[in-house]
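Using the hints, put the two chains back together into the complex; each one sits in its own frame.
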Amino acid sequence: MPDAVETIPIRLKVNGKSHSLTVEPRLLLVELLREHLDLTGTHVGCDTTYCGACTVLINGAAVKSCTVFAVQADGAEILTVEGLETDGQLHPIQRAFAECYGLQCGYCTPGLMLATHQLLARNKRPDEKAIRKAIAGNTCRCTGYQNIIKAIQAAARNMDGVQQRSSV
Amino acid sequence: MYPRAFHYHRAGSLKEAVAMLSQLGGEAKLLAGGQSLIPLMKLRFANPGHLIDLNFISGTSFIKEEDGRLRFGAMTRHAEIEDSSAAKKIPILHDCAAGIADVQVRNRGTIGGSLAEADPSGDWATVLMTLHTELHCLGNQGERTVPIEEFIKDAYTTALAHDELVREITVRKPSPNSGGAYLAFKRCAPVYPTASAAVQLTMEGETCREARIVLGCVGLTPIRAKQAESALRGAAVNEKSVSAAVEAARTASDPQPDMRGSAEYKHTLVGALVKRAIDVARRRALGEKVELSHIYA
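Respectively, the protein sequence lines represent chains A and B. Under the working numbering, read the first sequence as residues 1 to 168, first letter to last. Under the working numbering, read the second sequence as residues 1 to 297, first letter to last.
With the rest of the complex left out, here is chain B (with noise of 0.2 Å):
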């Protein structure tokens, strides 16, 4: 299959790309890792006339740790990602990076793609959600700081301006006793997950001080369940406490029925999820090791 013909266009620079975005016009478009936009070309789901390379410009992909934050280049790998033990600090991030549909996707996808393209299936939305999570956007006025909860706007749509790009993105380190945990169901692994959560705790002994629970796959945007939230906060986690969360939660999500599953299906399976992920979190804050990842058959 082939896309549409375009121009391609290599930019030397991100201040570059962002001229050259102001310069082409609503034709023109981005590519980062290109592994939803070039399928979504072949099929001519879309048409760019433009095609801008983010590819050749150096010092875009890195991992940084610096002032208790981690600092991530938007055209960072999700497999660079994987492969960091700067990352793996905040397990969270490691589950997700490392279950992203597969090594060869892996290899290609970029995290600041991923979250400019904002598909209500994508994964890195949900998971940065539940930290304190900054996009440092850069446009034709120069750069501006977006908070995750206020890039995403809706299905496919952000706060970026038409020629304004995620040059960085930075994540605060969470406390010591604080643990998350993401986890995704799919039908398998380079398909996009049927519903997902994750869950960051932070933990007092057995009591939950502070509770951050999103749902991805299951609304036209990450939705946070605050009611689940509170169902923890401050709340010994029990069988008692838990079960009020995880029936919030699916209170919560708006799926709506798809090849993947009914509606009904992935209520059931969002309260699954966020079970599971609650205790992981809870033993991660807790101290202990706990491997995770994307569930698949």
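So that you can see chain A by itself, here it is in the shape it has in the complex (with noise of 0.2 Å):
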């Protein structure tokens, strides 16, 4: 074990805004955005790996934060639930789980809308069966995952409905 703290310089992007710190090595991702940068929306669940509360993208790809060291982020762009709305307007994601009651303590649905996000951004209209497995690492104890899988439905349907209307 190193006898005195050791930090490292890291510089990443979150949310679109730059930050340089300098952080443990043992610090997780997940406790960097709560706790450093005050992003609180990202939320500590099992915190083993399982249940997908902490989800976050890094460079567009879905992790699980909690299983992944701050330093490890060095030079990348991470997106948060926070840097979902633009200018007080609410992603379309964020719509659709309002809209579909894709939620009920709300717990889980931080990861699940940043799953969702990465799908979406994959596939513009997944059947049934790829929402499930998009979501198959994010636990929701509420819903029954039921209006979940509705609520990713409508935000697809909304997101593909937008693109196709700007490419007129």
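It cannot be assumed that every hint is accurate.
Not the full set, but computed from the structure, chain A residues with beta-carbon under 7 Å of chain B [said to hold, decoys possible]:
1) P25
2) R26
3) D47
4) T55
5) G60
6) V63
7) Q72
8) Q89
The calculated label-pair distances, taken between Cβ atoms and stated as ranges, are [claimed, not checked]:
9) B:F56 - A:R122: 35 to 43 Å
10) A:K124 - B:K289: 38 to 46 Å
11) A:G75 - B:K88: 28 to 36 Å
12) B:N47 - A:C46: 47 to 55 Å
13) A:E77 - B:A19: 26 to 34 Å
14) A:T86 - B:N177: 53 to 61 Å
15) A:Q146 - B:P257: 49 to 57 Å
16) B:D258 - A:A121: 48 to 56 Å
17) B:L220 - A:Y101: 43 to 51 Å
18) B:A86 - A:G75: 35 to 43 Å
19) A:G144 - B:R209: 19 to 27 Å
20) B:S58 - A:G144: 43 to 51 Å
Because the hints were derived from the structure by calculation, they are not lab data. Since we're looking at a predicted model, the values are computed, not measured. Every residue, glycine too, gets a C-beta built ideally from N, C-alpha and C.
Below you can see the structure in the form of structure tokens.
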């Protein structure tokens, strides 16, 4: 074990904003986000790589931020739930979760919305099977998932529609 | 949960990582995808004094098709294999890559890390033992090639020396009349399977010319069920030969009771998985397209 606390300088972009920090190597990405950057929308659930409440995107890929060291995110672009809305307008994924009652207590919701974000970036019109596979790493203890699936389908329709309109 | 404090080293090349391992000694561990190591460190089951991060080395994540083989860089993530059109040409590889844990873990976890950890419940070693697979290992003395059968020694134990790492994994493409299938059963996506079966069959019409059957999670290492293979080799794949193979596979398995189920339950489960994997492998060998992935509720 190191005698003195070792710190490592890192630079990363979170929700479009650049940060330079020095961190202990054992600091987890989720703790960096919550404790150092005050972005508490990313939740700690099981803390054992199971529940997905801590899901964020690193360079567009969904990860469990309780299972990545902050030093590993050096140079990366992170997207958390706080980065979904723009100018006070909810992201279509957020709107769909609200409109379809895709949440109850809300604890798992930020992670589920980020998992949805990766899915819809790669598959514009996922079928139910693809949706279930994409959120298999996110545990929800309230909803039974039915309305979450409806929300993701609604988000897909809305986002696809927006893209089609804007390409006209 | 925080791991014990450790020194962090970022390797610039695989050679440098090997040099760091030699220099830092037994207190040092390599950090690949971290999806097993970081949870173990958080629970303080693993307490390395030094971590050598391989994630910033370029050129270690790739899938190349060459001379009838597929080459995988050790740091290739499961998700990259899942999405690779080259890897889909060997369907059993896609079965495996697409079903490991969940999206988030597949985005981080690596094929080299999985093999080097040699968890008895890991997926890759079981699958790769049905194919002609070699691991290219880099150490202080240079490089050596180790067949997968010799690489996996015991639970969490491989042929790697302390200052040696996996650089690349090569898999020979099976012949066109060969088909494989990997079927793992797990309670839910993020957990390790309760049992799994990997089957690769080479068919001539309805007759099986060559068979490889490997069982996962039901022993300290993946178990090659040679008696089960013999039951199919040279035989028509029908109810009788499949029953004999399933029975032989059940006998070959050596499961431990744990939170995932009793030994008896796992014996029964592995038989059922072998039966279904044989069916899919046979159909694929005969040219049928069949989708298959880990089963979970």
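Verification of the supplied hints:
1. Taken as an interface hint, A:P25 checks out: its beta carbon lies about 3 Å from the nearest beta carbon of chain B, inside 7 Å.
2. Taking 7 Å as the C-beta contact cut-off toward chain B, the hint placing A:R26 at the interface holds, the least distance being around 5 Å.
3. For A:D47, the interface hint holds, the least distance from its beta-carbon to any beta-carbon of chain B being 5 Å, beneath 7 Å.
4. Among the interface hints, the one on A:T55 holds; its C-beta lies about 6 Å from the nearest C-beta in chain B, closer than the 7 Å criterion.
5. Restraint check, A:G60 versus chain B: the minimum CB separation of about 10 Å is more than 7 Å; hint violated.
6. Of the supplied interface hints, the one on A:V63 holds, with its beta-carbon coming within about 5 Å of a beta-carbon of chain B, less than 7 Å.
7. Annotation: A:Q72 was flagged as interfacial toward chain B, and the flag holds, the nearest CB pair being 6 Å apart, inside 7 Å.
8. A hinted interface residue such as A:Q89 counts as satisfied when its beta carbon comes closer than 7 Å to some beta carbon of chain B; here the least separation is about 27 Å, so the hint is violated.
9. Distance hint check: the CB atoms of B:F56 and A:R122 are about 25 Å apart, inconsistent with the given range 35 to 43 Å.
10. Checking the proposed 38 to 46 Å range against A:K124 and B:K289 shows it is violated: the Cβ atoms sit about 24 Å from each other.
11. At about 31 Å, the CB distance of A:G75 to B:K88 agrees with the hint of 28 to 36 Å.
12. B:N47 and A:C46 have their C-beta atoms about 21 Å apart, which leaves the hinted 47 to 55 Å range violated.
13. Distance hint check for A:E77 and B:A19: the Cβ-Cβ separation is about 31 Å, which falls inside the suggested range of 26 to 34 Å.
14. For A:T86 and B:N177, the hinted distance range of 53 to 61 Å is satisfied, since their beta carbons lie about 55 Å from each other.
15. At about 35 Å, the CB distance of A:Q146 to B:P257 disagrees with the hint of 49 to 57 Å.
16. Taken as a hint, the range 48 to 56 Å is violated for the pair B:D258 and A:A121, whose Cβ atoms sit roughly 38 Å apart.
17. At roughly 48 Å, the beta-carbon separation of B:L220 and A:Y101 lies within the given 43 to 51 Å, and the hint holds.
18. In this structure, B:A86 and A:G75 break the distance hint of 35 to 43 Å, their C-beta atoms being roughly 28 Å apart.
19. At roughly 49 Å, the beta carbons of A:G144 and B:R209 sit outside the given window of 19 to 27 Å.
20. For the hinted restraint 43 to 51 Å between B:S58 and A:G144, the CB-CB distance of approximately 44 Å keeps it satisfied.
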